[in-house]
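Here the protein sequences line up with chains Z and E, keeping their order.
Mapping to the UniProt record's numbering: the first sequence position 222 is 222, numbers consecutive.
Mapping to the UniProt record's numbering: the second sequence position 38 is 38, numbers consecutive.
There may be inaccurate statements among the hints.
As the list claims (entries may be wrong) - Taking CB as the label site, the calculated pair distances span: (1) 131(Z) to 81(E): 51 to 61 angstroms; (2) 102(E) to 149(Z): 23 to 33 angstroms; (3) 235(E) to 46(Z): 46 to 56 angstroms; (4) 99(Z) to 51(E): 39 to 49 angstroms; (5) 99(Z) to 77(E): 34 to 44 angstroms; (6) 189(E) to 64(Z): 50 to 60 angstroms; (7) 199(E) to 50(Z): 23 to 33 angstroms; (8) 102(E) to 202(Z): 51 to 61 angstroms; (9) 200(E) to 73(Z): 35 to 45 angstroms; (10) 46(Z) to 114(E): 46 to 56 angstroms.
Calculated from the structure, these hints are not laboratory results.
Glycine included, every Cβ here is placed at the ideal spot set by N, Cα and C.
One letter stands for each residue in the lines below.
There are 2 protein chains.
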Amino acid sequence: MCEQYQRGREAVNPVIVLVRPQLGENIGKAARAMLNFGLTQMRLVTPRDGWPNPSAGPAASGADIVLEQAQVFESVADAVADCEHVYATTVRKRGVTKPVVTPVEAAAEIHTAPGRSAILFGPERSGLATEDVALARAILTVPINPEFGSLNLAQAVILVAYEWSKGQGLAQPPRTDLDPPAPQAELEGLIGHLDMLLERSGFYYPPDRVPTTRLTLRSVLTKPGWNAQEIRTLRGVLSALEGKKRPPH
Amino acid sequence: MCEQYQRGREAVNPVIVLVRPQLGENIGKAARAMLNFGLTQMRLVTPRDGWPNPSAGPAASGADIVLEQAQVFESVADAVADCEHVYATTVRKRGVTKPVVTPVEAAAEIHTAPGRSAILFGPERSGLATEDVALARAILTVPINPEFGSLNLAQAVILVAYEWSKGQGLAQPPRTDLDPPAPQAELEGLIGHLDMLLERSGFYYPPDRVPTTRLTLRSVLTKPGWNAQEIRTLRGVLSALEGKKRPPH
């Protein structure tokens, strides 16, 4: 309860989520980049070569504490379940209609918005998949030379961590006017509930368009940043609509 | 003469000077970091393994133009002979009494001061020697975790180049303009549709709380600022849920 009280009012240090990272060396380099600017919470989603990875330590150049505390998750949704704000880092233009922020803007939001932020970084070769990006409320893009955009994983991490670190030590009062968005897990609960009702109602047709339709719905429901109370209200709405399907007595 | 005239009045892109760099791979990575943020002028002072270095190209990941145009000098003094402003990058505190600037401050100076700026980066292991620093008018230090300062050469270069690029205005990615919210009538249509379904489902109970509940729901659905397409998607969702209430045939 004390933690909840705190979480509801204070911004906490952001979590760096490496999604399906390939090389242990790059995980180590990312840890080093993080710790250089005071970030310590790393989460790994299904790292290709398992975890722990013997190549990570040497590349971390002494940022062992970040690697030792790193947590491993089975899915992006699990990794960000307790996070109120999720950013997806991409360098390429996406067809997704989400707000796009720079590292400067993201840092300002993270420092002032109450709740925990997570920043997703994709695999070295391919970057984040569309489904990963769909989980995020905003896209984080580093403004880069349009004719030569070639940031590696650790470089993307260090630029984001560097910008975040600038706001540290400044006495910025956190925004308290609005309740923060609900943790991602509660949003997932809402999406799952609606999905189940729509499945039963025959909404998902024709089959070949179902993945796109699901992404669209997720995007529509992720956009608002509903807080926990609002999510509860909507769960009540869905339960009522669901109950109506029982035969009248 | 024409060039001199220009040089005297306009700031030009800064020169990145790698002083006695050791590994060709790190020279390549520095070139990549530079080009990511639009810097192309690299100068090398007595690179340990000579120049060109076959390890540099692969590490540059396509930033070949920076390596091809790199110039080699016998001394730091030669390398900065045509530069009006010289910065020495260090992470450690120095006994030297010179102004110390951050990358942000250096970028502002470089963009506004007429003339050419050079930024010195030292060898990987040892950093700049005292004699190198003595040539500079100011020390450039990246504010870093005091308990873990471990920037490698390419990371130091990328942070400086990144800050410089912010003043360029060229490197901004095209912002995806989000569709504006739908006209209010369309939102009212959605709210009315849901209201009708909830009325039929027995959601509005007890009667004395109905006005408050309606206000809450309106607030939850107004918050997102959904665009016309998103509203249409949600109308489809409601129609599907509504259709389910028909008796199975």
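Hints versus structure:
no., hint, in the structure
1, 131(Z) to 81(E): 51 to 61 angstroms, "holds (55 angstroms)"
2, 102(E) to 149(Z): 23 to 33 angstroms, "holds (25 angstroms)"
3, 235(E) to 46(Z): 46 to 56 angstroms, "violated (37 angstroms)"
4, 99(Z) to 51(E): 39 to 49 angstroms, "holds (45 angstroms)"
5, 99(Z) to 77(E): 34 to 44 angstroms, "violated (49 angstroms)"
6, 189(E) to 64(Z): 50 to 60 angstroms, "holds (58 angstroms)"
7, 199(E) to 50(Z): 23 to 33 angstroms, "violated (54 angstroms)"
8, 102(E) to 202(Z): 51 to 61 angstroms, "holds (60 angstroms)"
9, 200(E) to 73(Z): 35 to 45 angstroms, "holds (41 angstroms)"
10, 46(Z) to 114(E): 46 to 56 angstroms, "holds (53 angstroms)"
Violation of the numbered hints given earlier is confined to hints 3, 5, 7; the remaining hints are satisfied by the structure.
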